[in-house]
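Trainee: Listed below, chain by chain, are the residues.
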Amino acid sequence: MAIIRAVNIHKKFATVEAVRNVSLTVEQGEVIAVVGPSGSGKSTFLRCINGLETITDGEIYIDEELLEKRTHGRAHVHLSKEDRTRILLKTGMVFQRFNLFPHKTALENVMLAPVNVKNESRVAAAQKARSLLEKVGLGDKLGEYPARLSGGQQQRVAIARALAMEPEIMLFDEPTSALDPELVEDVLHVMIDLAKSGMTMLVVTHEMGFAREAADRVVFMAEGEVVEVAPPEVFFKSPESPRAQQFMRSILQQG
Amino acid sequence: MEDALLRIAGWMPALLQATVITAKLTVISVSVALVLGFFLAIGKISSNPLISKPASAYVFLFRGTPLLIQLLFIYYVLPELFPVFDLKDPLMAAYVAFSLNVAAYLAEIIRAAIQSIDKGQMEAARSLGLTHGQAMRLVIIPQSYRRMIPPICNEFVMVLKDTSIVAIISLPDLAFKTSQIAATKSSQLVYLPAAAIYLVLTAGFTILFNWLEKKFSLYE
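Sequence lines, in order, name chains A and B.
Counting with this note's numbering, you get residues 7 to 261 for the letters of the first sequence.
Counting with this note's numbering, you get residues 7 to 226 for the letters of the second sequence.
Where hints are given, some of them may not hold.
[Unchecked claim] Under 10 Å between C-beta atoms, here's a sample of chain B residues computed to sit facing chain A:
#1 ASP124
#2 GLN127
#3 ARG132
#4 GLY135
#5 LEU224
#6 TYR225
[What the hints assert, rightly or not] In silico contact screen, one side only, chain A against chain B (beta carbon under 8 Å); selected entries:
#7 GLY35
#8 PHE101
#9 ARG103
#10 HIS109
It should be emphasised that the hints constitute simulated quantities derived from the structure, not laboratory data.
Cβ coordinates follow ideal geometry from the N, Cα and C atoms, glycine included.
Given only the sequences and the hints, what does the whole structure look like? Please build it.
Mentor: Put into structure tokens, the structure is as follows:
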């Protein structure tokens, strides 16, 4: 069953078309890595899926429920706020810059939404938050404020925070791009564990190691379009399109 | 010199009595203005023009006209036009005028503090299913407190000194009392203890606000 079905998505900003006719289906349990050069529209596409950006054209289904359908910016579905929130809560989002709530401890960050959105009791939410933070290796940081945590630790709290809402799919927007190189590994480790546990994941990333190890499919985007979709072993060995070949060459030169 | 100290000591009871009016006027007006300013700030940020436009108009009106005229308007002009609004007590008129005026300035301070919070905070809150209102109440506004404390302290200190204009409606505040003493005792020496009292009050506010700032910065 498809958790995400995005059909012919376009996203125009004032003068640029950041996403051009992108279609993508993510099946339950699938891990998809979206790669491509900077400015290729991959983050924008991801942000369209959970409503942080409003698409200009296309259709978005989450768990086979129509969330958004637009042509030339005009909306064809008008969901109630409650329905929209209910559908969007099937997605969990992890941001490039973590976006932890700085005035809340790690534990409070993870508890906030379960208590206020799902009306869970504080005791139950705290218990769940504690076990999630232990799972991401931060069982000893429950009472710390984000400012006292490293970037890698903050991102792991952010992952736990999104997981606390028990989403069907986790969306990652370049989760390791803002991290010091030596901290990337800890976050990737958590993500790979999550992938192995059967979580459906859509990951915009520059970490080819992650894509190779954990992804079922690699989606290569350039200039707002999906250029190539292939299993990682195929994509990394012999990309088909010239654009992807060029991208792989530039990555190899850097690395 | 000894004579001067004795004379100052003699004026102190009257000066301290007047200080009570100055301090009460400052603290009560700014406190009321904080509540009013908060709602004005939320109003200005609102995406609904029926809310944001009146809030902006209020700020424009009260920042765009002199406080002195606002005070005279409330004490003299309004009762003349509408007798129901006759406040009779000049202190009450001063409370109203200062509260309304300071609210406009505080609204801008509070609005700026709220809008300075990183956009990613709202995005994260919304992606977790919080409503816009919950995100404001639980995530954005609590973070803005620390940023608004220094400018609010500044506003407090300015209001403390601006209260001296209440002399125009014959309210015996510290500045008015001081000039009265200077005139009747024909000695300018009285300005010395008056300035010292203003300084002490300012120091008190500053200490209080430094403490508040620390309290709200614990997580940084």
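Trainee: Taking the numbered hints from earlier one at a time, note which ones the structure violates and give those numbers from smallest to largest.
Mentor: Violated hint: only 7; rest satisfied.
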